[in-house]
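**Q** Spelled out, the chains give:
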Amino acid sequence: MEAILTDCVQNSLRHFMFKNAIFLCERLCAEFPSEVNLRLLAACYLQNNQAYSAYHILKGTQTAQSRYLFAISCFQMDLLSEAETALCPANEPGGEIPNGAAGHYLLGLIYRYTDRKKSAIHHFRLALSIDPLLWAAYEELCVLAAAEEATVVFGEAAALCVQKQYLHYGLASPNLHMSSEDYNSVSSQNFGSEDVSLRQLKHTQGNNLRDIPCNYHGAAVLSGPASQPQSGGPSNMSFYNTPSPMTSQLSGVAPPPLCRNVQPNGSNLHTVNTDVSPKSVVNSTIQAPRRKFVDEGKLRKISGRLFSDSGPRRSTRLTGDAGANTNANTTVIAGNGTNSSSKYLGSSKFSTVTPRTVTVRKGQSWANENIEEGIRSDAFDDARANMTSKSTSSFPSGDIRSLDQDGETVPVGGVVISGSKVISGASEVLGLLRTLGEGYRLSCLYRCQDALDTYLRLPHTHYNTSWVLSQVGKAHFELVDYLEADRAFSLARRVSHHSLEGMDIYSTVLYHLKEDMKLSYLVQELISTDRLAPQSWCAMGNCYSLQKDHETALKNFQRSVQLNSRFAYAHTLCGHEYVALEDFENGIKSYQNALRIDSRHYNAWYGLGMIFLRQEKFEFSEHHFRMAFQINPRSSVIMSYLGTALHALKKSEDAIKIMDRAILADRKNPLPMYQKANILMSLEKFDDALEVLEQLKEYAPRESSVYALMGKIYKRHNMHEKAMLHFGIALDLKPSATDVATIKAAIEKLHVPDELEDNL
Amino acid sequence: MATESLELEEEGKIIGGNQHLIVDDDLREMGKKAAWSVSSCKTGNGVSSLRDDNLENYWQSDGAQPHLVNIQFQKKVKLQLVVLYMDFKLDESYTPSKISIRAGDGFHNLKEIKTVELVKPTGWIYLSLSGNDPRETFVNTFMLQIAVLSNHLNGRDTHVRQIKVYGPRPNPIPHQPFQFTSREFITYSTVR
Numbered sequence: 001m002e003a004i005l006t007d008c009v010q011n012s013l014r015h016f017m018f019k020n021a022i023f024l025c026e027r028l029c030a031e032f033p034s035e036v037n038l039r040l041l042a043a044c045y046l047q048n049n050q051a052y053s054a055y056h057i058l059k060g061t062q063t064a065q066s067r068y069l070f071a072i073s074c075f076q077m078d079l080l081s082e083a084e085t086a087l088c089p090a091n092e093p094g095g096e097i098p099n100g101a102a103g104h105y106l107l108g109l110i111y112r113y114t115d116r117k118k119s120a121i122h123h124f125r126l127a128l129s130i131d132p133l134l135w136a137a138y139e140e141l142c143v144l145a146a147a148e149e150a151t152v153v154f155g156e157a158a159a160l161c162v163q164k165q166y167l168h169y170g171l172a173s174p175n176l177h178m179s180s181e182d183y184n185s186v187s188s189q190n191f192g193s194e195d196v197s198l199r200q201l202k203h204t205q206g207n208n209l210r211d212i213p214c215n216y217h218g219a220a221v222l223s224g225p226a227s228q229p230q231s232g233g234p235s236n237m238s239f240y241n242t243p244s245p246m247t248s249q250l251s252g253v254a255p256p257p258l259c260r261n262v263q264p265n266g267s268n269l270h271t272v273n274t275d276v277s278p279k280s281v282v283n284s285t286i287q288a289p290r291r292k293f294v295d296e297g298k299l300r301k302i303s304g305r306l307f308s309d310s311g312p313r314r315s316t317r318l319t320g321d322a323g324a325n326t327n328a329n330t331t332v333i334a335g336n337g338t339n340s341s342s343k344y345l346g347s348s349k350f351s352t353v354t355p356r357t358v359t360v361r362k363g364q365s366w367a368n369e370n371i372e373e374g375i376r377s378d379a380f381d382d383a384r385a386n387m388t389s390k391s392t393s394s395f396p397s398g399d400i401r402s403l404d405q406d407g408e409t410v411p412v413g414g415v416v417i418s419g420s421k422v423i424s425g426a427s428e429v430l431g432l433l434r435t436l437g438e439g440y441r442l443s444c445l446y447r448c449q450d451a452l453d454t455y456l457r458l459p460h461t462h463y464n465t466s467w468v469l470s471q472v473g474k475a476h477f478e479l480v481d482y483l484e485a486d487r488a489f490s491l492a493r494r495v496s497h498h499s500l501e502g503m504d505i506y507s508t509v510l511y512h513l514k515e516d517m518k519l520s521y522l523v524q525e526l527i528s529t530d531r532l533a534p535q536s537w538c539a540m541g542n543c544y545s546l547q548k549d550h551e552t553a554l555k556n557f558q559r560s561v562q563l564n565s566r567f568a569y570a571h572t573l574c575g576h577e578y579v580a581l582e583d584f585e586n587g588i589k590s591y592q593n594a595l596r597i598d599s600r601h602y603n604a605w606y607g608l609g610m611i612f613l614r615q616e617k618f619e620f621s622e623h624h625f626r627m628a629f630q631i632n633p634r635s636s637v638i639m640s641y642l643g644t645a646l647h648a649l650k651k652s653e654d655a656i657k658i659m660d661r662a663i664l665a666d667r668k669n670p671l672p673m674y675q676k677a678n679i680l681m682s683l684e685k686f687d688d689a690l691e692v693l694e695q696l697k698e699y700a701p702r703e704s705s706v707y708a709l710m711g712k713i714y715k716r717h718n719m720h721e722k723a724m725l726h727f728g729i730a731l732d733l734k735p736s737a738t739d740v741a742t743i744k745a746a747i748e749k750l751h752v753p754d755e756l757e758d759n760l
Numbered sequence: 001m002a003t004e005s006l007e008l009e010e011e012g013k014i015i016g017g018n019q020h021l022i023v024d025d026d027l028r029e030m031g032k033k034a035a036w037s038v039s040s041c042k043t044g045n046g047v048s049s050l051r052d053d054n055l056e057n058y059w060q061s062d063g064a065q066p067h068l069v070n071i072q073f074q075k076k077v078k079l080q081l082v083v084l085y086m087d088f089k090l091d092e093s094y095t096p097s098k099i100s101i102r103a104g105d106g107f108h109n110l111k112e113i114k115t116v117e118l119v120k121p122t123g124w125i126y127l128s129l130s131g132n133d134p135r136e137t138f139v140n141t142f143m144l145q146i147a148v149l150s151n152h153l154n155g156r157d158t159h160v161r162q163i164k165v166y167g168p169r170p171n172p173i174p175h176q177p178f179q180f181t182s183r184e185f186i187t188y189s190t191v192r
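Listed in order, the protein sequences are those of chains A and B. Those letters in the first sequence? Residues 1 to 760, per UniProt numbering, in order. Those letters in the second sequence? Residues 1 to 192, per UniProt numbering, in order.
Bound conformation, chain B alone (with noise of 0.2 Å):
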């Protein structure tokens, strides 16, 4: 995980990666609820790479970097963690090294919320998109945008193998100020 605090601005490095994708059972994917789009991409290794849960392919940019990955939804949603896969051993100069993560209403008045550098990464790896302030704990936004700045070795275009993004879960209930938590509420609360 990053260890970066927003505050001090200061860039967290990541070194290597996960094997598993092991998530909190609190948090969902909210990719599918969203438009995807590329900066570049090589004919082939285009955006579908990203969201298609194989591993073996990827997404190739083909233009100057930054490369971008920008990710729309049709209203503002709740966003807690983004988890990247990449493999340096594959990918090597292709692997990116800086990636930076902005948030905003559109192109327009997109800002940085998120800077991290990356250290020969194999694997998962999980970029928490929330501040210190617990009141910060998710971002509320239109839309999220995934810039590569660098990457190894100096590389000019990048491989991404597959991006996750996931937010909270909704209150099963609605029209509730929070939600339920033992077992009593729990098994009173809906009708099945």
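Same shape as in the complex, but just chain A (with noise of 0.2 Å):
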């Protein structure tokens, strides 16, 4: 009963059927109440976003899987402290972390989220180096400003990790996975052996890699497990959400994200080389039409069939689809690898097979020439050779040319995968892995003009997805360079119109573009779209601050706030309306609450800063700038502020300097250049600031300000028909009340005393 019971769970759960899930794993629970079966539960649970039940029903567990998952449970409902301790128990300090890379980035999140970035740091990196498919922890070393280069974090070393991975995992298992036909008939005696199973799973994790040698020439094992009823095992393992370590350790998929369970089940077949975990089954269902086997027993037939499929398949979604297909791109880049093999496993979501069928028979014969493929090294070199240059358009004549070495490779135990194949599809995930980690680190970095070139050297297919393009306009849009970053940002909206990843920069670009009709299309969609997303009411709040109905915006900052009180950048744009309401202790504490989930975020210092300039309290304005700017050097902006803050500490050789910089970093930005004037005339030195606002005249020929300026100056050497003249161009040209009351108050100040009816 145990055994169909669990079975109609993982079925449940396949077919996210959560309620139905739930019940069943409750009635199992309650008559056959066993850790394993409390551990299903939970993942129902954590499913059907309950973290609240889940975590009441892991509470106080020990093993470490469960202790993941009530790590992960303590996480989403916030509990950060008692995640912590879950995942690392202060009692046992050199404990192994549950899950490996999965555990560990878990933990790095807990202590960033704490305010202990090197341990986070620390834990990020351990966790890329045990998968280096992990790009979440990557992404989280970016943001961080952590992160080494791409090219040594995705290179040829994390290439072997992730071969030896799924080498070891098809090794470690194989007493696990058989006999996918004995699946659709429950047998009692396989679940018998589930729970033993599981535990082996348990152990493998961060020593399989050292783990079973001996299988691993041996030509026996597969025909060993064949003889093995154990289909339970995988089934079980497939549907647990991340207890396998794995699953784990191949899941590219950070443990919050919901599209969990999915992922063990791809990297389940992946490494299980004789591997018939029910999925596999139902896809060789499907599969079988395509497919002739060479039948060397029915193990060998669907191993053969598992791994020339996931090989090609891999590549092939990092290649071809990754164009129409936006999921694998947007939601998680590493998920690309084990996405595909998930989609390929999620027996529903089987829609993946079909483009692949090219290349599936290619694998086919391969996989009728030698079955009994193993890893060799020089297979590896030889595959790894041919795959160093990530051709992913040219997929298929690379695959076949990986065959064609392949050919050659003798025949190593039951790893069918063949470590080429495997080194193969390792090689193009890193590779692409490598230009998107590249790109993203230095934008991270605020070297946008780098970012964009190297996310340039991207495909076609991969640059034209709604994340690298969002990536593309912010870069642009760090770059002040508003036209560019709304052309991105529009392309990536066509091609993802159900992406919010960076809509919320997309509406400052047009805040700052002014452009309120498309602003307020922007935020018809995006809240239509999902009302629950910080970054629609981002959107809609900018959208009344355009229209200077600041306290209405900062409702909406606030609602955005409430909805992810980690998102920084709602926290900095309410700072922002605060200001503008001229509230200003509000705004500071919103901007230091910016600052607290993300240190590097250079708005809030900026933001602080200015609200220092205008309290005139220059040395606290100054430190802030600078702090900005030590995180992003090359925005003019926050240069020309810094500038500002040095002359009014009367350091204005320092403020000159950086107006220089600045004028240099961006010579589109006329405001560095007004700043020095400014700076200059009250230095006294009036022919310089002349000269410099000569030049401004013509990078910016209708600015009030400018003249107006320029007549202040005039005025004071006494040459009163210029400045005359300039005062009455900044009038033409429509500045504001208060300055045309001090334009015409100054102009009246000209002549002298008695001739004060000469007004203009």
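For the record, the hints were derived by calculation from the structure and aren't laboratory data. Each hint should be verified, as a subset may be incorrect.
[Stated by the list, open to error] Chain A is nowhere near these chain B residues, computed Cβ spacing over 10 Å in every case:
no. : residue
1   : G44
2   : T115
3   : N171
[Said to hold, decoys possible] Below are the DSSO-like pairs computed for lysine-lysine, each with C-alpha atoms no more than 27 Å apart in a straight line:
no. : chain 1 : residue 1 : chain 2 : residue 2
4   : A       : K555      : B       : K42
5   : A       : K617      : A       : K650
6   : B       : K78       : A       : K548
Yeah, the Cβ is synthetic: ideal placement off N, Cα and C, and Gly gets one too.
From the two separate chains plus the hints, produce the assembled complex.
**A** Take a look at the structure:
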């Protein structure tokens, strides 16, 4: 009965029928209370967004898997300290983190959100070293500005690592996966060994790299497992969200995202050489029509099918499909490899199989030739040499190349996927991740031009995905090139209408461009897509702010904060609105909130600097602008404000130096020149100031303040004619009411007092 | 709008009122930062009715004329426009007919800056505080007092439904002598 129930639960989970799964699982736990079943129930709850339920049932459990699930529930409920103790219990200082890479990643996130940057960085790095395809960990490292160059992280060592993982996982669990044929018939004997298999898996995580070396060359391995009916095992594992170490290590997806349960299946299949997890069976049925098998026993055929598929599939997905399939790129990049496999495995969403027919056939023939291939270092090298050039677009040919190479490999053990296949797949994934990672790292360091160049190196299909285009847009935004940013973002929206990533930045771009029509349209679309996303409300707030309705804008930004209190930009925008409403105290609080979440958010540093500038606390102001400058040394706006603060502190020489740098940094920015003229004027270097302003006239011919300032300088020089001329032009250019008053007053004072009525 | 000018010391007359409240974009309402008080009021029709954006309720005075509305700021502010909402059709003899606006540092040194006569006002009445001189676009003051000197049909008490006070927007960028007008400057002037 237990077996049947478990099976039903997993089936329901696979089909996303969570209510059914929860109900049946509760029956299962009532009837057979065991930790395994408890974990399954927790998994169901987590899938159904009921982290609190999972939290309560898993409280107090000790096994690594349970602790991991418990930590995830705590994290989702924002109980970070409990999550931390779950992952690394205080009484086991040397204990191993459950679930390897995923566990390290989760721990890293916890450390990050509790302000322990160094530990966070340490764990993210560990996670990456265990699983180089864990893109989310690399992303976090970039945000913390502690990422190494992508070429190092996603380099050859990584490829080796990935390959080893595949290999060893496959070997580690030979006895777990068998006879897919048996799957459908639920035999009780299978399920008896479930627990055993699970426990075996548990132990494999860190150790399986060295595990079962004997199996490596044992051809008997395959046949051996065949006789062991343990189909229940894989089925269990495949449905566990993250308990199986294999899956976790290979999951490219961070623990929080919900598509977890699909991953295990994918990785399972990949790794298990002779694996015939239930999924594979399903797949096989779909696959069957396209395949003929050299029948060396069902195992082999299935494994051959599996591996020939998984290899090409992965690469193909990377290359061919990325353009059309924004999901692969937008949601989780790392999932690229595993996503594809998971899609492969998720029988219900098996759409990806169809495009693979071509490659599959090739794989198949290869499989026919040498089913029992193992991994050999030469094969490895060959394949790698083949694949180092990421010619993703020419995937099929690439695969053929590798296939040819493989033809010569020596069969080893049951690791059918053949190291070369893995290697080629891994190298391609890594190549892609290298470019993307480098681009992301550079844009986090605000080296935007370099980042843009890096992204341009991506193949066309990848470039035209929402994630990449949003990043490109963001880079242009940081370069203050709002028109290009607008283009990139609108392209991103066209490519993927539903994606919300980066839309808050897009709304800011439109705000800067003062495009209120476009902005309101964007807001409408975003709200109708997802009312509960913080980005939508940020965009709405920007829309109101553009119309100077700061109170409503503030309300919207606060709503955004409520939806996701870890969204730093929402806090910063709140701060901006408070400042516009002249509520400086709350403004400071908001900016500090933003900095607490992300201390590299230079907008918040800038905001604080501006507040202090207004309050005339020039020392503080200079400090904050300098912090912003250190984070983003290329922004000419920040440099010009730093200069203003320095000037207010009477360090005018430094101020002028910074202004010059700002002018050089961005020729299109008129502000530093204007500020420089201001400073020069107050230093009484009138001629220099006039020179600068004359230059400025070229850049911004319709700026009233330029003429007004020139008028002022001429007035000081007692060159009344020119002063009058410039004041007149300034007035013509429709300055604000205050300025009109000031200018007119200045005009009056130009002449000797008895010419009072000489107004313009 | 009032047509009087201070130098000529002529009382301007305002006839009727405006249906809609339309104010320049570069002005903003300053009343939130002030303390509002009145010389007298009937229970239930107090000073809060002047500031609640509800034209249905009104402030009703309950004492001798002149009836005063005092607006006190914590620091000197630049004010440019005072807007009142009155309705002769509803209030008849309670509608003010002569209003004087005074400004100063406090109750002890208020000086009249504007007097205006209203004839059957219905709607929003705009009273600009600017003088003719460009240097006098704004009144820079701690306190503003709006005095109702007499009502229509010689009524004793008065009804005023809403009062708003406007001043210029401050420069969004601190430490600048002038505000920016062109798009290039404004785009580059802030980080958001």
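**Q** Hints first: check each against the structure and report whether it holds.
**A** Hint check:
Distance check for B:G44 against chain A: the nearest CB is about 28 Å away, which clears 10 Å, and the non-interface claim stands. The beta carbon of B:T115 sits about 23 Å from the closest Cβ of chain A, which is more than 10 Å, so the claim that it is off the interface holds. The claim that B:N171 lies off the interface is violated: its Cβ sits roughly 8 Å from the closest Cβ of chain A, which falls inside the 10 Å cut-off. For the hint pairing A:K555 with B:K42, the CA-to-CA distance comes to about 36 Å; that exceeds 27 Å, so the pair is violated.
At most 27 Å may separate the alpha-carbon atoms for a hinted pair to count; A:K617 and A:K650 meet this at roughly 13 Å. Taking the CA atoms of B:K78 and A:K548, the gap is about 20 Å. The hint holds against a cut of 27 Å.
In the structure shown, a violation is registered for the earlier hints numbered 3, 4, in ascending order.
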